[in-house]
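Novice: Going by the numbering used here, the first residue of the sequence shown is number 1, and it counts up by one from there.
Hints listed in this document are in silico derivations from the structure and should not be mistaken for laboratory results. Be aware that a few hints might be false.
As the list claims (entries may be wrong) - In silico EDC-like cross-links for lysine to aspartate or glutamate, where the CA-CA straight-line distance does not exceed 20 Å: (1) K156 with D342; (2) K267 with E355; (3) K64 with D157; (4) K221 with D157.
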Amino acid sequence: MSKSLDKAKEKARQLAQANKLPKARSVLESVSRSAGGDGDFWSLLGLICSMTSDYEAAEAALSKAVDLIPGDAALRNNFGTVLKFQDKLDQAQSQYAESLRLQPGYVGAMINLGALLVMQGEFSQAEDCLQQAIVRDPNNAEALNNLGLAQRGVGKDANAIASFQQALSLAPGFIDALVNLGVSCQFLDRLDQAQTCFQNVLGQYPDHVEALFNLGFVHNKAGRVVEAEAAFRRVIELSPGHTNAQYYLSIMGVEDAPEHSPAEYVKDLFDMYAEKFDDHLVKGLGYQTPSLIDRLLRTQLDSVEARYDILDLGCGTGLCGQLCNDLARSMVGVDLSPKMLDKARLLNVYDELLEQDVVECLQQRVSSFDVILSGDVFVYIGELSATISACSDSSS
1 MSKSLDKAKE KARQLAQANK LPKARSVLES VSRSAGGDGD FWSLLGLICS MTSDYEAAEA
61 ALSKAVDLIP GDAALRNNFG TVLKFQDKLD QAQSQYAESL RLQPGYVGAM INLGALLVMQ
121 GEFSQAEDCL QQAIVRDPNN AEALNNLGLA QRGVGKDANA IASFQQALSL APGFIDALVN
181 LGVSCQFLDR LDQAQTCFQN VLGQYPDHVE ALFNLGFVHN KAGRVVEAEA AFRRVIELSP
241 GHTNAQYYLS IMGVEDAPEH SPAEYVKDLF DMYAEKFDDH LVKGLGYQTP SLIDRLLRTQ
301 LDSVEARYDI LDLGCGTGLC GQLCNDLARS MVGVDLSPKM LDKARLLNVY DELLEQDVVE
361 CLQQRVSSFD VILSGDVFVY IGELSATISA CSDSSS
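Modelling step: build the complete structure from the supplied sequences, incorporating the hints.
Specialist: Here you go:
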């Protein structure tokens, strides 16, 4: 039976190389009952299933393979990627880490782990991991692109641009790197460069939604309202559920304004801004709102010696919460942006942090609060009657 399995594996490899993936999978599945403890068989079947985007079947096959060949670093790396595609990020990270334990310096696993850390918002760790990969493989465009994303995440926009440019010099047709370069140029108000990037993408892929949306953003920021409107409307044609494009049309005044800013827009905006939020507001703009709220709050309390149950609506990175912490018996923060909440968590002043819409949070809480804080949040909520009513119901 081992000879027939070997023949099936060889035939499947040939078919896969010829991009005849369904046939390759069929060949393997026809003999799978006799595969038993052949780890190489299950590894190959899992790889072919993943290449056809059947990640559930790929996971099942690769799980068997890992049990049979636990010391195979490449297999662990492949298994991690299949888990990542199913949003099983913690499990994927464990597989990449094990791959690197088995084979230190394995560039493929380093790149995959770095990309995963970017997805999880662990930008500093991702940057370190990807730098190590590039030391070993300086001409790896994928590693450089992911490094650029990590650098952008920690606020190193100029470094990110250099990384994306280097990736493109190695792989001129690397569309993801070109889009990412455009976005980073956009962050630094290099609007002409950003526009060129997005137009180059659209020259090859006219229906590339991300490039169209960002081109609309650039046009709007540059005052080219007609061009911006056309880009956003095309985005909505291609992706009818694109709330951000619809919202920008409202901001521009060419569509009716919604009662509330879309949650997706607020989340994306502050996720993007989280890493440099405090420096930009406090150091760059001399932001005083948290200290003014803290000062005013102390004049309204019965006693500043007492302790209170405090809710911080739209807590962001915790600028208000950290000032009022000495007044708190308990403090709960709520925000739509997970990356802002990650920053707030580092302060160790909140008993609970919730990634949630503020009205939903207020309506679902059983406990009540003595104090509800909100600094520069209502402008993003819009129509406030539901929020004020929920605050009233939640206060002691």
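Novice: Going through the earlier hints one by one, which of them does the structure break, listed in rising order?
Specialist: 3
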